[in-house]
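What follows is each chain in one-letter form.
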Amino acid sequence: MSIRPAGDFKTSYARDMALLDTRFTRVGFGLLVALLLLAPLLLGRYLFLLNAIGIFAIGAVGLSLLTGFAGQISLGHAAFMAVGAYTSWLATTRLGVPFLLALPLAGLTAFLVGALVGLPSLRIKGLYLAIATLAFQFITEYVIIHTVGGSGGNVVPAPRIGGLQVRGETMFYFLLLPVWLVGGIFAANLVRGRVGLALMAVRDRDYAAQVLGVDLLSTKTLAFALAALYAGVAGSLFAHYNRVISSEHFGIIQSIDFIAMIVIGGLHSIWGPHLGAAFVILLGQVLKIVTPAVVALAPGFGKAATSVREIVFGALLIGLLIWEPGGLAMLLRKFKRYLDVWPFTY
Amino acid sequence: MGLAVGSIYALIALGFALVYKSTKILNLAHGELVLFGGYLAIALTRSLALPLWPAFLLAVGATLLAAAVLGAAVERMIMRPLFGQPLLSVIIVTLALGYIIRGLMVGVWGGDTRQFPPVLPADVLRLGSLAVPRVGVVSAAVALLLLVLFSLFFRYSLWGIAMRAAANEQLTASTLGVSLRRVFATAWAFAAVAGAVGGILLGLWLGVNFALGFVGLKALAAVILGGLDSIPGAILGGFIIGVVENVIGGYIDAHIRLPGFSLYGFKDITPFLVILVVLLIRPYGLFGTEHIERL
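Chains B and F are the protein sequences, given in the same order.
Following the numbering used here, the numbering of the first sequence begins with 1 at its first residue and continues without gaps.
Following the numbering used here, the numbering of the second sequence begins with 1 at its first residue and continues without gaps.
I should point out that these hints are in silico values taken from the structure, not numbers from a laboratory.
There's no promise every hint is true.
What the hints assert, rightly or not - 30 Å max Cα-Cα, derived DSBU-like pairs, lysine-lysine:
1. LYS267(F) to LYS125(B)
2. LYS336(B) to LYS267(F)
3. LYS336(B) to LYS10(B)
4. LYS288(B) to LYS10(B)
Predicted model only: the values in this text are computed from it and were never measured.
Required output: the full structure, derived from the provided sequences and hints.
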């Protein structure tokens, strides 16, 4: 229920369905992309934040398709990320596959694993599905520790494209940015099309959707597979960015962080996962800086400081779900509406 | 050994089942409530300037009371505003609650394992040919006692009947004069108390460490196996998971060798494999009510 600028008439369905439907959004999106392109100049040594945000935003987009749009709860999203990361590690170190092939390969493997994990979602749903994905999370961790990983870390080589070795934050950023943009736009496109509508119908009531001709088997497995695809790509990028991966990077805590991202960002919005990932990463970083400062001022606080992140995250999640279930995306929209109609709020 | 672990799982599972039965919420923060009980009882026992046994009993009493208050407070402040919200929100809220409680516990008590001063002798009892640690016998007895108490409560007391009615059909029960709010608050308080008892027994046996929140998730396997809304199912499920984990997991750990990689630690994921199998074959568990979905 956004307010349209006066004189903005839609004369065709194509224009009505366009992703960027007004001049404001078109110009705004252009500016955003330009800013992202110039970010290495603007951010300087803080570029690592944007790299982290991008990687986790890609993963979060997947979870938002699965949970926000298809309504299937997954507590094992980090496990898909692990599948991607370890596939990428295996491919580049053991098989000598170049990075540009290893990335899609990681996504594809995760896609297949996701489809497999998604199959039971036909039979079990809601709470039970959440528990099943939780079990999947723990079993994946176990399998990784006992097959490829061990409990130590695995060293991943820096990505190499052609003869070019990708080193440092800036170069990695320009590798990440296209993947991030394509992933985000693909998801936005998916959601407005037939597949997205089917996903939403399944979310609202799966049996009703089935009666209306949505094939439950393919839609639910597709939702899981797509979510896993995004997570797998994010995992592969993370592996090559961090250069060291271990099973601890993809634990249950990471899965819960992903859920925090999409809830904080806004569950039913295509901008939600990006906003959420940015917020979660930035908040973690801010707390890292603020907490020692507070401890320096009040030394008695020192022992509690180790767990501040958990407490703040928990409180934030609960507060948001109680007062603003739409998340940051909804807050932004309300703010925009407030500006649109200001100073007369009727 | 399996039965002793199982009895602790059973107590924790009891808390899951109590909340689920009357409110249809799966409290994923239950593991943290369990640890909270353990930590608090240990801290109180150590800080009271009394002989060991009176201090222990007093601490246990105070902890159970605190757990009940905490449970009711969680219901009042967090769960009630979310009444009728989608399942996802409720699950995430309980996860977030677990985060907060764990964070506070680490902040207050640090990351070390904490133990009771020796309340029970740490010897082993022989039952026939079985050797069971004394704590195991005590916790099994407590689990069975609580099972009997709760069954009697649900069967004969007015409150218990009101709670069963609310569990069966919320709307009808509330039109007939059952206060849903009080029922929910009571259920949360009971669940927190059952969790705290589990935590105290855990503290008596292994000591509590915040990393043991994991135990809560293993107890989840017990409730799934027994049926989410069945209290005897939760208790029986707990014992079964304990035994299965120790017998099968322990056997594979010790005896199966695959070429290439070892299987150590298999014990820890057996409960999750059990969850997957149960969910695929019989999602409502051994004693749970089968839910038929209609449009």
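Going through the hints against the structure:
no., hint, in the structure
1, LYS267(F) to LYS125(B), "holds (27 Å)"
2, LYS336(B) to LYS267(F), "violated (54 Å)"
3, LYS336(B) to LYS10(B), "holds (21 Å)"
4, LYS288(B) to LYS10(B), "violated (48 Å)"
The structure fails to meet hints 2, 4 from the earlier list, while all remaining hints are met.
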